[in-house]
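Q: Assemble chain B onto chain A, guided by the hints.
Chain by chain, the residues:
There are 2 protein chains.
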Amino acid sequence: MLEVRISVWAELDEDGKKRLLARPKLKNADDLPEQVCGIIKAVRNTGDKALRFYSQKFDAVDSNELVLSDALQQQQLAKLTAECKAAIDLAYHNIRTFHSAQLPKDIKLETSPGVLCELKHAAFDSVGLYIPGGSAPLPSTVLMLGVPAQLANCRRVVLVTPPGQPKASDIAPEIIYAAQLCGISEIYTVGGAQAIAALAYGTDSIAKVDKIFGPGNRYVTEAKQQVGKDPLGAAIDMPAGPSEVLVIADEAASPAFVAADLLSQAEHGVDSQVMLVSNSQELLDNTMQAMNEQLLKLPRAMIAKKAIDHSRFILTADLETAAKVSNLYAPEHLIIQTNQDQQLLPKLTNAASIFVGAWTPESAGDYASGTNHVLPTYGYSRTHSSLSLLDFYRRYTVQTISSQGIKAIGPAIITLASAEGLTAHANAVKVRLTALDKQSKHSSEFKQVPVSSK
Amino acid sequence: MLEVRISVWAELDEDGKKRLLARPKLKNADDLPEQVCGIIKAVRNTGDKALRFYSQKFDAVDSNELVLSDALQQQQLAKLTAECKAAIDLAYHNIRTFHSAQLPKDIKLETSPGVLCELKHAAFDSVGLYIPGGSAPLPSTVLMLGVPAQLANCRRVVLVTPPGQPKASDIAPEIIYAAQLCGISEIYTVGGAQAIAALAYGTDSIAKVDKIFGPGNRYVTEAKQQVGKDPLGAAIDMPAGPSEVLVIADEAASPAFVAADLLSQAEHGVDSQVMLVSNSQELLDNTMQAMNEQLLKLPRAMIAKKAIDHSRFILTADLETAAKVSNLYAPEHLIIQTNQDQQLLPKLTNAASIFVGAWTPESAGDYASGTNHVLPTYGYSRTHSSLSLLDFYRRYTVQTISSQGIKAIGPAIITLASAEGLTAHANAVKVRLTALDKQSKHSSEFKQVPVSSK
Numbered sequence: 301m302l303e304v305r306i307s308v309w310a311e312l313d314e315d316g317k318k319r320l321l322a323r324p325k326l327k328n329a330d331d332l333p334e335q336v337c338g339i340i341k342a343v344r345n346t347g348d349k350a351l352r353f354y355s356q357k358f359d360a361v362d363s364n365e366l367v368l369s370d371a372l373q374q375q376q377l378a379k380l381t382a383e384c385k386a387a388i389d390l391a392y393h394n395i396r397t398f399h400s401a402q403l404p405k406d407i408k409l410e411t412s413p414g415v416l417c418e419l420k421h422a423a424f425d426s427v428g429l430y431i432p433g434g435s436a437p438l439p440s441t442v443l444m445l446g447v448p449a450q451l452a453n454c455r456r457v458v459l460v461t462p463p464g465q466p467k468a469s470d471i472a473p474e475i476i477y478a479a480q481l482c483g484i485s486e487i488y489t490v491g492g493a494q495a496i497a498a499l500a501y502g503t504d505s506i507a508k509v510d511k512i513f514g515p516g517n518r519y520v521t522e523a524k525q526q527v528g529k530d531p532l533g534a535a536i537d538m539p540a541g542p543s544e545v546l547v548i549a550d551e552a553a554s555p556a557f558v559a560a561d562l563l564s565q566a567e568h569g570v571d572s573q574v575m576l577v578s579n580s581q582e583l584l585d586n587t588m589q590a591m592n593e594q595l596l597k598l599p600r601a602m603i604a605k606k607a608i609d610h611s612r613f614i615l616t617a618d619l620e621t622a623a624k625v626s627n628l629y630a631p632e633h634l635i636i637q638t639n640q641d642q643q644l645l646p647k648l649t650n651a652a653s654i655f656v657g658a659w660t661p662e663s664a665g666d667y668a669s670g671t672n673h674v675l676p677t678y679g680y681s682r683t684h685s686s687l688s689l690l691d692f693y694r695r696y697t698v699q700t701i702s703s704q705g706i707k708a709i710g711p712a713i714i715t716l717a718s719a720e721g722l723t724a725h726a727n728a729v730k731v732r733l734t735a736l737d738k739q740s741k742h743s744s745e746f747k748q749v750p751v752s753s754k
Numbered sequence: 301m302l303e304v305r306i307s308v309w310a311e312l313d314e315d316g317k318k319r320l321l322a323r324p325k326l327k328n329a330d331d332l333p334e335q336v337c338g339i340i341k342a343v344r345n346t347g348d349k350a351l352r353f354y355s356q357k358f359d360a361v362d363s364n365e366l367v368l369s370d371a372l373q374q375q376q377l378a379k380l381t382a383e384c385k386a387a388i389d390l391a392y393h394n395i396r397t398f399h400s401a402q403l404p405k406d407i408k409l410e411t412s413p414g415v416l417c418e419l420k421h422a423a424f425d426s427v428g429l430y431i432p433g434g435s436a437p438l439p440s441t442v443l444m445l446g447v448p449a450q451l452a453n454c455r456r457v458v459l460v461t462p463p464g465q466p467k468a469s470d471i472a473p474e475i476i477y478a479a480q481l482c483g484i485s486e487i488y489t490v491g492g493a494q495a496i497a498a499l500a501y502g503t504d505s506i507a508k509v510d511k512i513f514g515p516g517n518r519y520v521t522e523a524k525q526q527v528g529k530d531p532l533g534a535a536i537d538m539p540a541g542p543s544e545v546l547v548i549a550d551e552a553a554s555p556a557f558v559a560a561d562l563l564s565q566a567e568h569g570v571d572s573q574v575m576l577v578s579n580s581q582e583l584l585d586n587t588m589q590a591m592n593e594q595l596l597k598l599p600r601a602m603i604a605k606k607a608i609d610h611s612r613f614i615l616t617a618d619l620e621t622a623a624k625v626s627n628l629y630a631p632e633h634l635i636i637q638t639n640q641d642q643q644l645l646p647k648l649t650n651a652a653s654i655f656v657g658a659w660t661p662e663s664a665g666d667y668a669s670g671t672n673h674v675l676p677t678y679g680y681s682r683t684h685s686s687l688s689l690l691d692f693y694r695r696y697t698v699q700t701i702s703s704q705g706i707k708a709i710g711p712a713i714i715t716l717a718s719a720e721g722l723t724a725h726a727n728a729v730k731v732r733l734t735a736l737d738k739q740s741k742h743s744s745e746f747k748q749v750p751v752s753s754k
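Chains A and B supply the protein sequences, listed in that same order. With my numbering as the guide, the letters of the first sequence map in order to residues 301 to 754. With my numbering as the guide, the letters of the second sequence map in order to residues 301 to 754.
Hints listed in this document are in silico derivations from the structure and should not be mistaken for laboratory results. Each hint should be verified, as a subset may be incorrect.
When chains are identical, the list treats them as one kind, so a pair holds in a single copy or across two.
Said to hold, decoys possible - BS3-like cross-link-like pairs, simulated, lysine-lysine; straight-line CA separation at most 27 Å:
1) Lys318 / Lys508
2) Lys605 / Lys317
3) Lys624 / Lys420
4) Lys647 / Lys508
5) Lys647 / Lys420
6) Lys379 / Lys317
7) Lys730 / Lys318
Isolated chain A, as found in the complex (with noise of 0.2 Å):
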């Protein structure tokens, strides 16, 4: 039987407050680092041959081609259901639709008569894509990421996810599927740490790639940032946690709809946090109870009920409050189910990706609403963004200035960087213009200089 305390919010002080709304300490083993640095090292020194004896020592397989070849892809496409594919077909369509609407415009203007900047978008050439294994494939995952980098037309698109079960190239016809819908072909069969080191600084197999999304185990966390720290390696999406969802609710929410998406979230793994914080104590009591029955037909229900061990009832005075305590927790996934959704919403910040109503269950942004389930979680949705189209481009500036326009800003420019003490940097510019005079006063003398072909 579940039972969890349920804390009256007012009756706290600050720093019970602060302890309730802590996220439960990360039980990583100390030497993580170290493990994951010999292995991004034993990558880069021995390559593929690195790679395979990590697939047999921690994924347990015999031998590992690495590269999925197109025939053993189609070979596994076979065993697609009917069912499955047009559930993946649906997803697709809502995540494409709404994530083409975010396709970014390049800028160009004059700031000042001569002078022209631009900003402009470059997809990233090449990205790694990285899908867990383990215990059950994940798809949605594929279209999360593959699909925005379809849309921002990354030149090489690579996915990586740990070998199968008992062959290697056992990967889910579900993940190959929906590789294809997104125009990936390059799939290897290899994951931890190890993959992540490959995509970073490449082996024989394996060229490396300018930036590596998608979420991992606490290797691939670690290695995503231990590369993403060098220059020469690769750049991450963000840094990832345990996933974790909040609700609010209140008297007019279903007690069994907040049940089912408490232990949707719980269900993900035992460091999973879940909390409903709501200003009625008959809702409370309530999903408890419908949790307790739900739970009893749920094959996860052991990883459920350790989630919830650490997971958390707040009930508070009003929904004003309950916001407030959504704020302070900045959740990464925020379902909000009452009468006065409309009127919370704009007080509702710090939170990744939020569902509204009684009909919006987390699950339908995980899958197939559109939205990106590739979301900052532990408290990082306090400051960075749910993974976007954006993410799939780098911007940089373009300036070029004419002879009227350096005439025209160049003595601030002369100005400023005096006030700076830094001369060389007006002599940049004092240089060019005492050109230009000359060039004015006798423009004959000055034909190799060249003129802007602006």
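A: Only chain B this time, still in chain A's reference frame:
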């Protein structure tokens, strides 16, 4: 007499090319992370007391009020020259014009009937701007960070800068005036790792901010990295490193201009790197000569000389190869002065800011063209973006699904969740579809089930 050896690109093997383009190693003390960690801990434990202690220890100021009061700001402002004021006004205008065009637009659309998805932008509530002190005041950096903060309409914008000399409150009037233009009145005279710690965690005098922007020395950089990793700390703008420029020039370029541009980068610091890539031996030789001539007149010649010690002059067969060299190096600043700038531009990837043509010195972008001078460097421009207005916003998503919407996409969600082995995810949809089913059959029984406000 300066003499940089000219490297002939075609004569190098792969390894030689790599070595030639490798950045100089950063010579940080081994115990830098621990030193900085100690400073951060002290600020977290003793707040303002620690800030005053470090002002005395590192900045040699006897007393530090920390807050630069309005009265003291006005007092300093009175010292500003009309010329400086006008120059800052012009820079402010151009930077504001370019960044105004970057205002993000929210997105709202139905991906399927009844499935409403939104991408929203929320400006950071509070941001901290770090303005380095030391040898020269940097009003330009105030504008580069303050203008986008002002445009994003962040509720609270805080400026920190190392204490002045001899009094802590002796802050350059240029900095205060630039801050005033950007609507910033909250200014603290504290610098170094201790300032970053105060911004990230708060003290009695300085309230915590959500995100920290701005360049700094190795202590500041290390402190930013440490607080940026902590979800309870503050986000940071980008990884930092020494400044650098790469110039691509051909025989059409003016050696005097190229030399002035290289020196303006070299004077930044002894760890700056300048690279000249050309298909013309004559241009390389003449630029070297011009650098030697110009160097004689530079007050910061000693710094520039040391920077040039680890710089490169590279001779390529043609401009196309020069573009490839630039792409491999991935410079922070890229200047092109050739007779085919427009043809080269599309081939140039991996530069953070590009300066096109004879009349576009890098110092124009440093101060007044309108583009942002906060740029990824040290190889990070391969994967990171130049600072833009977007960096002052958090992106998040909202979805609102109607009963009709969940009926339409619910079955696909159940199929996908089941394929991924996530029964509770499927169940969160099933309970809703069941309720809707019963509702339509016996509409009177289910009044308490809320209907989406959509």
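Q: When the structure is checked against the list of hints, which entries are broken? Sort them ascending.
A: 6, 7
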